[in-house]
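Chemist: Sequence:
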Amino acid sequence: MKRWWIVLIVILIFVLAALSFVKLTGMTVTAVNTCYDSDFGKDYWSVGEVRGEYYLFMRDVYAEEDSCKNNKILIEYYCVDDSSGFHSYRDREKFRCPEGCKDGRCLGEPVEVPRRGFFDIFIFWK
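Under our numbering, the residues of the sequence shown are numbered 701 to 826, in order.
It is worth saying that the hints were derived from the structure and are not from the lab. No experiment lies behind these values; they were computed from the predicted model shown. One thing to keep in mind: the hints can contain errors.
Each computed BS3-like pair below joins lysine-lysine, with the alpha-carbon atoms no more than 25 Å apart [what the hints assert, rightly or not]:
1. 794 with 742
2. 794 with 769
3. 702 with 742
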């Protein structure tokens, strides 16, 4: 019987410590994801930047700038709203620039590079 009381007290202390941690740090749970795009969407001919905050399990503050890869591939970042209209988040697409890519912008008419699948997401971000 004594053992149960000790276990109960330890669990109670753990729960109270966890609750006080949230109070002391001021951390709150939020479901609002924000995203702001300086070039207002998919603009292949000017360099832009997306900035915002994304909450999943932790807070992630990000800033991604449109860039070129190998002087032929444009990586264009933009914001997407989810179906609820309360959240927006960043996404990106790759475009081939036959006339070249410089400083995060296409020098000619871009051609979209299709995504290959699930693992392309992880390979692309590196």
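Chemist: With reference to the structure, classify each hint as holding or not holding.
Modeler: Do the hints match the structure? See the list:
no.	hint	verdict
1	794 with 742	holds (11 Å)
2	794 with 769	holds (9 Å)
3	702 with 742	violated (66 Å)
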